[in-house]
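There are 4 protein chains.
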Amino acid sequence: MPGNTFGHTFRITTAGESHGPGNVVIIDGVPPGIEISVEELQVDLDRRRPGQSKIVTQRKEADIPEILSGVFEGRTTGTSLAILIRNEDQRSRDYGNIKDIYRPGHADYTFDAKYGFRDYRGGGRSSARETTVRVAAGVIAKKILQQTCGGRVVGYVTQVGDVHANIPDPGSITLEQVETRSDGTPNIVRCPDEEAADRMIELIDTVRKEQDSIGGAAEIVATGIPAGLGEPVFDKLKADLAKALFSLPAVLGVEYGIGFGCTTMRGTAHNDHFIPGQSPTIITTDSNRHGGMLGGISSGLPIVLRAAVKPTSSLSQEQPTVTKDGEPTTISTKGRHDPCLLPRFIPMAEAMVAITIVDHYLRWKSQTVLDNKEI
Amino acid sequence: MPGNTFGHTFRITTAGESHGPGNVVIIDGVPPGIEISVEELQVDLDRRRPGQSKIVTQRKEADIPEILSGVFEGRTTGTSLAILIRNEDQRSRDYGNIKDIYRPGHADYTFDAKYGFRDYRGGGRSSARETTVRVAAGVIAKKILQQTCGGRVVGYVTQVGDVHANIPDPGSITLEQVETRSDGTPNIVRCPDEEAADRMIELIDTVRKEQDSIGGAAEIVATGIPAGLGEPVFDKLKADLAKALFSLPAVLGVEYGIGFGCTTMRGTAHNDHFIPGQSPTIITTDSNRHGGMLGGISSGLPIVLRAAVKPTSSLSQEQPTVTKDGEPTTISTKGRHDPCLLPRFIPMAEAMVAITIVDHYLRWKSQTVLDNKEI
Amino acid sequence: MPGNTFGHTFRITTAGESHGPGNVVIIDGVPPGIEISVEELQVDLDRRRPGQSKIVTQRKEADIPEILSGVFEGRTTGTSLAILIRNEDQRSRDYGNIKDIYRPGHADYTFDAKYGFRDYRGGGRSSARETTVRVAAGVIAKKILQQTCGGRVVGYVTQVGDVHANIPDPGSITLEQVETRSDGTPNIVRCPDEEAADRMIELIDTVRKEQDSIGGAAEIVATGIPAGLGEPVFDKLKADLAKALFSLPAVLGVEYGIGFGCTTMRGTAHNDHFIPGQSPTIITTDSNRHGGMLGGISSGLPIVLRAAVKPTSSLSQEQPTVTKDGEPTTISTKGRHDPCLLPRFIPMAEAMVAITIVDHYLRWKSQTVLDNKEI
Amino acid sequence: MPGNTFGHTFRITTAGESHGPGNVVIIDGVPPGIEISVEELQVDLDRRRPGQSKIVTQRKEADIPEILSGVFEGRTTGTSLAILIRNEDQRSRDYGNIKDIYRPGHADYTFDAKYGFRDYRGGGRSSARETTVRVAAGVIAKKILQQTCGGRVVGYVTQVGDVHANIPDPGSITLEQVETRSDGTPNIVRCPDEEAADRMIELIDTVRKEQDSIGGAAEIVATGIPAGLGEPVFDKLKADLAKALFSLPAVLGVEYGIGFGCTTMRGTAHNDHFIPGQSPTIITTDSNRHGGMLGGISSGLPIVLRAAVKPTSSLSQEQPTVTKDGEPTTISTKGRHDPCLLPRFIPMAEAMVAITIVDHYLRWKSQTVLDNKEI
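Protein chains in written order, with UniProt numbering: chain A, 1 to 375; chain B, 1 to 375; chain C, 1 to 375; chain D, 1 to 375.
I should point out that these hints are in silico values taken from the structure, not numbers from a laboratory. Any given hint might turn out to be false.
[Unchecked claim] The calculated lysine-lysine pairs, modelled on BS3-like cross-linking and capped at a C-alpha distance of 30 Å, are:
no.	chain 1	residue 1	chain 2	residue 2
1	D	K143	B	K99
2	A	K99	C	K99
3	B	K143	D	K99
4	B	K324	B	K334
5	A	K143	C	K143
[Said to hold, decoys possible] Using C-beta positions, here's what the derived DEER-type ranges look like:
no.	chain 1	residue 1	chain 2	residue 2	range
6	D	R336	A	T281	33 to 39 Å
7	D	P276	C	E318	35 to 41 Å
8	A	T329	B	S172	28 to 34 Å
9	B	Q278	A	T180	51 to 57 Å
10	A	T281	B	V43	20 to 26 Å
11	B	S332	A	D162	28 to 34 Å
12	C	G150	D	P280	36 to 42 Å
Glycine included, every Cβ here is placed at the ideal spot set by N, Cα and C.
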């Protein structure tokens, strides 16, 4: 059952619920000597935070991280690093409306079926609030990637409802483009195609007014990742990345490279062609339908993943459901919810991708970089 | 690096290459007392075997399993169970054409980049031949599922190129429908929509004649699985199932339930509605867009997954590529290859899904079924 | 490298240093519905606490636990349970004397050799302070054992220097005997042989006055543990218990049953004889030289382990050593240290033994208790 | 339950029984490019083999290893390496005498209690025959150690009954001394103190003639191991080494350095003193009571472990016991058994120690050897 741990060599373990004292992550396997500060953690936490723009939930949570261990005089020590993010809003509230009623699309019923009862306050452990500490751990993973191989992970929204972004070159998108529009204003929907971004915002605004929600898709791209990461046969990089993204709430599908587009293709059209790379020992391809992974191992090209994210299940309009005794009733989830999960999904997805790649980077180094190169 | 192990409580570890002595799996965590025979293993191995029909590779491999341990007097003992499948064709051959040339779409380059050199004979460890022993392990997983909770896992082909099957009720498809057509002849493409199956076979035949290959998609359905399997937060059942399918060669995408279809939906249309189930303690839903999993935990409804499988990379026609020194050249892969991977993919995918669910079943039992029910 | 996690199915992960903000443990795999309170955690924390008697260190730490997650309305929820124990004394102090000097018998040098630098304040991660949260996790493990199989874990001191206790029947010792003398006063040395206890206290007092320290041994006994726990071949119960005890600071040796006494014995004298047990399906033995484990699997008899604990390395008298540059110097460790580690070692050792047995209990249940008993 | 896997980064998984088809090990995490041959594996297998001298069991087993995967053209490929050792003697035999009777000191009863039944032929999975493949894996671990850091693991017998060897400098003992006496004849008891060896042989011969057996102790020494291996806090090197040795059959106690000798020592006498080492960055100690590990992390000094091994439980003389129904009976184990386990124990113990250290070596490299040394 221990399902609260992710990773083999760079490993995170989390705990915490939506309305308990807080969420905590223990990160094990952090290389020593990495400079890290709470301010750096805060950057991505702010990208994930409620209330950051008009198109996300207006709940207020500051999400201030406290580093409990593993950092001394500003640098990681190599021992386990713990980060605590306290929940601000723990006051007693009336949860009578969800204590005995199963919210459609939520894990209320499956938690009851599994454990016999549940912490019903705001979803308890099934709340997306537990992703706060994943995001904090992701910041550390990104720093390790950057300092070891110059790797970088950037995500952005490619689809909201039927509005699709046009991103001709995923490997070229920068964090700046994701966060800030060309006019210097915040890119609140995190779509670098600004024309599409405008229509996405409009659509989100419409569904919000209609007390509804809308699904979408995100693309996450890792560049600068050396060829050779990923383990045959079960811990293929594609397999661990897929698990990482599917471990996030609301993800119903994951693909990489050409993805589901491969189903209608012929081999002659699908195969990327190898060509000489920028140095004699590096081979590359003239297209990237393989999404940066061949045989589950990184090829050196940009790793490109896409995730399908369902529309928010919580709706302020009435929905039919049953009580835990099976009695028909209706529910409208008060609180303030995201009309579209995608803008806040981006930092969560980046974090999980970065954590997975760092894990594989350290695994790769462990096995294949021998001290005595002659052997 | 140990990437050759899958599962936490029901755990398989594999070894073996395409042209070495053979492939072996060690299965750990098998409950004692399960009756098992090599004949039962052979059934699914025959469904995976080359040469089983005109639309798959015509290579000959009998794939005879030998149980090395863990079974005594026809029953599992509870100790680790090993199965060996020897390779028949180990004779020395001329691999000069692939030793120093990178086959497009294959792992030749990424293995070289990772390890510095590779067993180039037939793909070595990256060959799909390693899935033989996964299929054997899957037979044992299926038996455990059947004997403990009455669970069942069935897969079938839903798409080949642009031919789509129409499967209105995934949970109703039987193994018999997948294997045998209504007229009693073998369902060689493993698509239960017989009209679509005819067109799929025709398409596969066409691409084969054109020395090309074609992609497609498969659906894998698990029924009879109790509500409550899957662990928050990382080992969600959806996450482990996705990893399981992505660990198979050629899989570029995985989705469950409505999958990528959710991206254009509104919450009101997407949420399944809870209704009373067949007994007072069971709740169900009147639709299954959630694919049998909510919050990553099984809901009791059929678990429905889909995988996108790329067109076979090996083609008998010439393809441009480079040598390992980056010199342009061409390659045509002699051997005999599947023009479409889907028909033989089905037993592999069923095996991985069954193995994953048994693992979670045993994990669930461990934590939540206490001896003293009062507590 | 992730070495901060212990256990397979009942799993603890810890973080924290001696003088950082605090120590935290995440416990994964806790069965749902177990009643638990901070008051219960406090009981064993108080048994471990500094300043509890005149023969232990006189440092002051209240060691107040905060449950961060995994408990709702007084009962475990089944999701990951986190406990935080803040360090009280974090004020800036002059560590100049140990920053650049290697304390004899401590991990200062090996941490520097491993990580390149270290948190030198009070030993950082190598301080025994990290065992606070292990003790808290142990309380939960003890409760699970008690509620599932009626199992119990009790430890006591059997040796201090050359003073040996006489414990004819380890399985009969109670927590009460360990904590309280027959006259109702606290058993401050935790040795149930009161005559020996008096001499132990006298010896500890002597070495303390001489600014020295003294080693000793502890016995930990688990009773009520059903036969069948432990996994062939690597995760033998004896192997995991030994690892558990060796993971504690200062432990230089572990044995079970007759232990090192077996080296001079003949088989005829060593083998315990099987005899009928208290019910037709239970077999027992007429002696317990096997310490409750045969083939690494529990036999139903009391599990009896012993650990050798070295004399405290920190001494207030001057000891010769070197600086990190290899320059000869001397050091006297100011602070207040235990002249003998054994009295406070008992709750730590009990915790690790209980955690290990619960892990194996849940593993056993997972594999061998099938729903359908007929198979 | 999966208890048949050992190691985190260098990981072995085994299967096999005493009288089944054979035993198999899968080794995962092997660095690529290591030269290895079956002849090298055979060397240690011959040191473990029955019938090698007059003082061990006279059973005949050739123990010929077959490498199934992971080696190509004489070098490891980096993918999982499997080794199969078939059992020669599989003929049907009359096991009536042990099928329903519990042999004293064996795992017959505990296996029945755990699994409900057992493979009773020669002990099945609880037979020491499973250590064949551990020894084979140990050869590969020793090669990796030798090629990466120049490390070496050597074991020898220090005690048989009350005969103690005098080994003043454990770190200086060579494999040659263990295997060959100064006169060139085989050192059949594997004790480098030849005078003690003579008396050990005499004692073993005496107990054999008396249809009895005798216990003893072994010392295993690893030299050339760099400082810094081992992970705080649970995966201390001492903890994993202890688990490794306790996972071997018949081991009742493990200690390192001064071991249980610490219990009567004072801190002033126990602490080793740091002194400058052979280079400016290396610190050493002027004694090695700490057995090469401080805080569970290697110090660079020889790692010195001792294991207590019980007298063989199988005796050819009659012993009282019960049937599985609890009926009193007697048993004399026919077969041919070792009168003392120690001589054949040495290669098993060396293998487990080497495997553990390689695992930690690769873990250490993964975390602490960053490409960019500046950070």
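Do the hints match the structure? See the list:
no.	hint	result
1	D:K143 x B:K99	holds (28 Å)
2	A:K99 x C:K99	violated (54 Å)
3	B:K143 x D:K99	holds (28 Å)
4	B:K324 x B:K334	holds (19 Å)
5	A:K143 x C:K143	violated (42 Å)
6	D:R336 x A:T281: 33 to 39 Å	violated (58 Å)
7	D:P276 x C:E318: 35 to 41 Å	violated (19 Å)
8	A:T329 x B:S172: 28 to 34 Å	holds (30 Å)
9	B:Q278 x A:T180: 51 to 57 Å	holds (54 Å)
10	A:T281 x B:V43: 20 to 26 Å	violated (47 Å)
11	B:S332 x A:D162: 28 to 34 Å	violated (43 Å)
12	C:G150 x D:P280: 36 to 42 Å	violated (60 Å)
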